[in-house]
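Asks: What follows is each chain in one-letter form.
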Amino acid sequence: MLKVSNIRKQFNETLVLDNASFSVKKSDIVGLAGPSGGGKSTLLRCIQKLDTPDSGSIECNGRVGFMFQDFQLFPHLTVLENLTYAPSLKEKKQNHLQHAHDMLKNLGIASKANTYPRHLSGGQKQRVALARSLMIKPDILLCDEPTSGLDVATTTDVVTLLESVCEMGVTMVIASHDLDFLTKISDRIILLNGGKIVVDIQPQQLDDPVDYLKKYY
Amino acid sequence: MEKLTYSIIYVGTGIAITLKLLLGGMCISIFLGLLMSVLRYNGIGRCFINSIISVIRGTPVILQLSFIYFTIPGIFGVKLTAISAGVIAFGLNSSAYVAEILRAGIESIPKGQFEAAQTLEISMVPMWRDIILPQVVRNILPAMVGEVIALLKETALIATIGGMDLMRRSQTLAAERFEYFLPLCVAGAYYYCMGLFIEFIGRKIERSEKYAKGI
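One line per chain: the protein sequences are A and B, in this order.
With this note's numbering, the residue at position 166 of the first sequence is 166, and numbering never jumps.
With this note's numbering, the residue at position 30 of the second sequence is 30, and numbering never jumps.
Don't take every hint at face value.
Stated by the list, open to error - Each computed BS3-like pair below joins lysine-lysine, with the alpha-carbon atoms no more than 27 Å apart: (1) A:LYS49 x B:LYS111; (2) A:LYS214 x A:LYS196; (3) A:LYS26 x A:LYS196; (4) A:LYS184 x A:LYS25; (5) A:LYS90 x B:LYS111; (6) A:LYS137 x B:LYS111; (7) A:LYS196 x A:LYS25; (8) A:LYS49 x A:LYS25; (9) A:LYS214 x A:LYS184.
What the hints assert, rightly or not - Derived DEER-like restraints, expressed as beta-carbon distance ranges: (10) B:SER51 x A:GLU167: 51 to 59 Å; (11) B:GLY112 x A:ASN61: 24 to 32 Å; (12) B:PHE48 x A:ASP187: 49 to 57 Å; (13) A:LYS25 x B:ARG46: 41 to 49 Å; (14) B:CYS47 x A:ASP211: 53 to 61 Å; (15) A:GLU167 x B:GLY112: 27 to 35 Å.
Calculated from the structure, these hints are not laboratory results.
Remember, it's a predicted structure, so these values are computed and weren't measured experimentally.
We put the beta carbon where it would ideally sit given N, CA and C, even for glycine.
Given these sequences and hints, build the entire structure.
Replies: Structure representation (structure tokens):
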């Protein structure tokens with residue numbers, strides 16, 4: 001589904017990604033762990049083509065959706081407009097309205113359809129951002145720090161939400177510094193440190209994956 | 001009293017010309033200002049646009065007005081009326097300032113908004129039209145109101161090439177009667193009231209629901 005080969009990215013003197021290579025199978029949830037500045041977000045941005053790698057290649061079969069750490073909802077559009085705007089540029093609006101309403105209902109924020117983003121809590125914005133990225137029907141969803149700034153209860157909700165997204169057949173790559181969250185949700189965890197992939201494990205096969213991963217920080 | 005009434009009527013007749021210059025200039029200024037800022041943001045003709053803006057902002061409006069009125073007909077063989085020359089000159093001059101105001105407005109939009117549009121596969125035109133510019137307009141409205149008022153005051157320079165606007169009519173009246181105080185005060189009052197009206201409209205828009213929504 002996704003194949004990243006020898007990606008290298010440098011910002012001025014700082015080497016952010018150093019020959020990172022991995023591949024992701026369809027419907028997998030892959031967690032990207034690592035310390036701040038380890039290269040997680042840059043890797044996601046390269047996959048989404050928001051940044052261009054200096055060398056290496058990225059092969060991606062299918063449409064890529066992206067969920068930003070700071071949501072980046074459009075502040076002058078309502079929740080419903082945020083969801084329907086992009087798809088309505090391509091197809092008839094009516095189907096998208098219904099689809100968006102269904103999506104909001106599933107995410108438990110149906111009552112917020114006509115609300116502007118500034119009136120939403122962090123958790124609600126997170127759900128809207130997720131719903132918006134799903135409206136373009138991505139084959140791969142890239143999530144950058146989806147639990148950053150959320151409380152424990154909301155983080156648990158996000159795990160449930162992302163699992164339900166995976167059940168829809170969407171492949172996911174999730175960058176997070178929250179190891180507990182990643183071990184709960186991921187089929188596989190890749191740890192990046194200094195731009196290099198230092199660990200690639202399946203958390204289910206380890207007794208204490210969090211403890212194991214911490215050794216590589 | 002009779003003198004005052006006559007001054008108000010005589011000078012006031014020039015409002016039509018002042019308004020023509022203001023509205024025509026605004027149309028040119030907003031169109032060109034927007035075009036220059038969007039092109040420049042996307043790296044198209046950046047050096048050329050920067051140079052034009054620099055020249056326009058670095059030379060007096062009266063020089064630009066005289067240049068357009070007196071030299072364009074000679075170069076292109078087109079006869080320009082004082083009003084047409086005024087609309088072009090004031091529009092061009094203001095467009096440089098509008099482009100700078102828009103640049104500040106565009107730069108105030110988080111880069112993530114452009115990236116969010118990109119990840120949602122929104123193409124360039126709808127992105128600018130529906131996502132970026134509505135947010136920019138909200139941020140720059142107070143500065144734009146200031147620019148429109150400045151443009152209104154600049155239109156008084158049309159008097160130098162014979163356009164019979166508020167200013168020119170007050171000068172004519174003053175010259176006829178050898179009395180400057182009343183006609184100039186009347187012209188000043190007209191400009192001031194028009195400026196207040198523009199300010200009022202700006203405030204109305206800022207307070208309107210459509211403008212205040214979102215942020």
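Asks: Next step is simple, just say for each hint if it's right about the structure.
Replies: Each hint tested on the structure:
Annotation: proposed proximity of LYS49 (chain A) to LYS111 (chain B) holds, straight-line Cα distance about 15 Å (limit 27 Å). Taking the CA atoms of LYS214 (chain A) and LYS196 (chain A), the gap is about 16 Å. The hint holds against a cut of 27 Å. Distance check on the hinted pair: LYS26 (chain A) and LYS196 (chain A) sit about 24 Å apart at the alpha-carbon level, within 27 Å; holds. The straight-line distance between the Cα atoms of LYS184 (chain A) and LYS25 (chain A) is roughly 19 Å, inside the 27 Å bound, and the hint therefore holds.
For the given pair, LYS90 (chain A) sits about 24 Å from LYS111 (chain B) by alpha-carbon distance, which is consistent with the 27 Å threshold. For a cut-off of 27 Å, the pair hint linking LYS137 (chain A) to LYS111 (chain B) stands: about 24 Å separates their Cα positions. Of the supplied pair hints, the one linking LYS196 (chain A) and LYS25 (chain A) holds, its CA atoms being roughly 21 Å apart against a limit of 27 Å. For the proposed pair LYS49 (chain A) and LYS25 (chain A), the alpha carbon gap of about 20 Å is at most 27 Å, so the pair holds.
Restraint check: the Cα-Cα separation between LYS214 (chain A) and LYS184 (chain A) comes to about 16 Å, which is no more than 27 Å; the hinted pair holds. Between SER51 (chain B) and GLU167 (chain A) the CB atoms are about 58 Å apart, so this pair conforms to the stated range of 51 to 59 Å. Roughly 27 Å separates the CB atoms of GLY112 (chain B) and ASN61 (chain A), a value that falls within the hinted 24 to 32 Å. For PHE48 (chain B) and ASP187 (chain A), the Cβ-Cβ distance of about 53 Å falls inside the hinted range of 49 to 57 Å, so the restraint holds.
Checked against the given bound of 41 to 49 Å, the beta carbons of LYS25 (chain A) and ARG46 (chain B), roughly 45 Å apart, stay inside it. Separated by about 57 Å at the C-beta atoms, CYS47 (chain B) and ASP211 (chain A) satisfy the suggested range of 53 to 61 Å. Between GLU167 (chain A) and GLY112 (chain B) the CB atoms are about 29 Å apart, so this pair conforms to the stated range of 27 to 35 Å.
Hint check: no violations occur; every hint is consistent with the structure.
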